[in-house]
Amino acid sequence: MIRYCIIASLLILSFVACKQQRNDVSENETPEDLEAKAMLQGIWIESETEEVSFLAKGDTIFFPDSTSQPSYFRIVSDSFCLGENRYAITKQTEHLFCFQNQAGEEVRLEKSENKEDSLAFLDNQPEILSLNEVLKIDSVVLFGGERYHWYIAVNPTRYKVTKETYNSDGVSVDNVYYDNIIHISLYRGSVCLFSRDIKKQMFADDVPQQFLDQAVLGNIKYDHVDSRGVHFNANLCIPDVASCYLVETLIGFDGQMTKKLLEY
Numbered sequence: 001m002i003r004y005c006i007i008a009s010l011l012i013l014s015f016v017a018c019k020q021q022r023n024d025v026s027e028n029e030t031p032e033d034l035e036a037k038a039m040l041q042g043i044w045i046e047s048e049t050e051e052v053s054f055l056a057k058g059d060t061i062f063f064p065d066s067t068s069q070p071s072y073f074r075i076v077s078d079s080f081c082l083g084e085n086r087y088a089i090t091k092q093t094e095h096l097f098c099f100q101n102q103a104g105e106e107v108r109l110e111k112s113e114n115k116e117d118s119l120a121f122l123d124n125q126p127e128i129l130s131l132n133e134v135l136k137i138d139s140v141v142l143f144g145g146e147r148y149h150w151y152i153a154v155n156p157t158r159y160k161v162t163k164e165t166y167n168s169d170g171v172s173v174d175n176v177y178y179d180n181i182i183h184i185s186l187y188r189g190s191v192c193l194f195s196r197d198i199k200k201q202m203f204a205d206d207v208p209q210q211f212l213d214q215a216v217l218g219n220i221k222y223d224h225v226d227s228r229g230v231h232f233n234a235n236l237c238i239p240d241v242a243s244c245y246l247v248e249t250l251i252g253f254d255g256q257m258t259k260k261l262l263e264y
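The working numbering applies: residue 1 is where the sequence shown begins, and numbers increase by one.
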């Protein structure tokens with residue numbers, strides 16, 4: 001009797017486990033519509049303007065402008081999934097693709113039959129934008145009978161900053177920029193009081209992380225000198241957007257650096 005109870009219990013547990021596994025698959029692994037994905041392959045243009053919108057090749061969407069990065073795409077449950085964004089498909093055939101953009105407006109695209117449209121994708125390596133060339137500036141200030149020599153060097157790096165924006169179709173695309181590292185040195189006569197590379201991550205306590213992720217450390221400029229030390233202002237901006245944080249960076253005469261948010 002005990003043996004039969006054990007067998008029955010194992011069968012019940014096995015059934016429950018299999019049912020749970022099927023539920024997990026159905027909830028978390030919605031199958032991709034490969035037929036719809038195959039229909040999307042090719043170059044698509046806007047119906048009214050006949051401007052090239054994108055090229056679907058394999059599982060990647062390429063954009064014709066030189067700054068938008070390629071994006072992985074899927075078609076799942078009548079949705080056009082582009083990167084982390086999802087757009088509802090309103091109609092799709094071999095030669096017509098309609099979906100709702102981020103603003104809820106319908107985007108109507110037609111498959112291109114013009115071979116010249118492929119010229120927009122001859123170079124599928126979008127450029128990464130650098131906001132600054134190497135910039136070096138220094139000056140001498142007098143305070144309390146002492147001469148203080150400050151030195152700033154803005155150095156472009158290969159650290160990539162991704163900014164999300166929207167193209168003419170209202171579709172989210174990523175533009176990539178190079179960040180900067182800015183070196184500051186402060187001397188009293190021949191004595192070095194401070195010398196350090198400044199990176200945008202050092203302002204994490206002053207600037208919201210979501211903003212900082214898309215921002216570039218654009219420049220640090222001299223402001224003034226007083227009894228506390230030499231004051232500089234650091235600009236952290238999202239590229240091509242009138243959105244910046246201005247953070248005071250104070251280099252004290254004791255060689256210590258402190259920061260304070262001035263404005264947004």
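Quick caveat, the hints were computed from the structure, so don't treat them as lab data.
Check each hint, because a few of them may be wrong.
Okay, derived cross-link-like pairs now, DMTMM-like style, lysine to aspartate or glutamate, Cα gap no bigger than 20 angstroms in a straight line [as the list claims (entries may be wrong)]:
| hint | residue 1 | residue 2 |
| --- | --- | --- |
| 1 | K111 | E48 |
| 2 | K91 | E105 |
| 3 | K160 | E105 |
Simulated restraints on C-beta separations [said to hold, decoys possible]:
| hint | residue 1 | residue 2 | range |
| --- | --- | --- | --- |
| 4 | K199 | S66 | 38 to 46 angstroms |
| 5 | T157 | G104 | 15 to 23 angstroms |
| 6 | V176 | T90 | 29 to 37 angstroms |
| 7 | H183 | H95 | 52 to 60 angstroms |
| 8 | G104 | K221 | 36 to 44 angstroms |
Remember, predicted model here, so these are calculated numbers, not experimental data.
Ideal Cβ positions, reconstructed from N, Cα and C, are used throughout, including at glycine.
Hints and how they fare:
no. : hint                            : result
1   : K111 - E48                      : holds (13 angstroms)
2   : K91 - E105                      : holds (14 angstroms)
3   : K160 - E105                     : violated (32 angstroms)
4   : K199 - S66: 38 to 46 angstroms  : violated (28 angstroms)
5   : T157 - G104: 15 to 23 angstroms : violated (39 angstroms)
6   : V176 - T90: 29 to 37 angstroms  : holds (31 angstroms)
7   : H183 - H95: 52 to 60 angstroms  : holds (56 angstroms)
8   : G104 - K221: 36 to 44 angstroms : holds (43 angstroms)
Violation of the numbered hints given earlier is confined to hints 3, 4 and 5; the remaining hints are satisfied by the structure.
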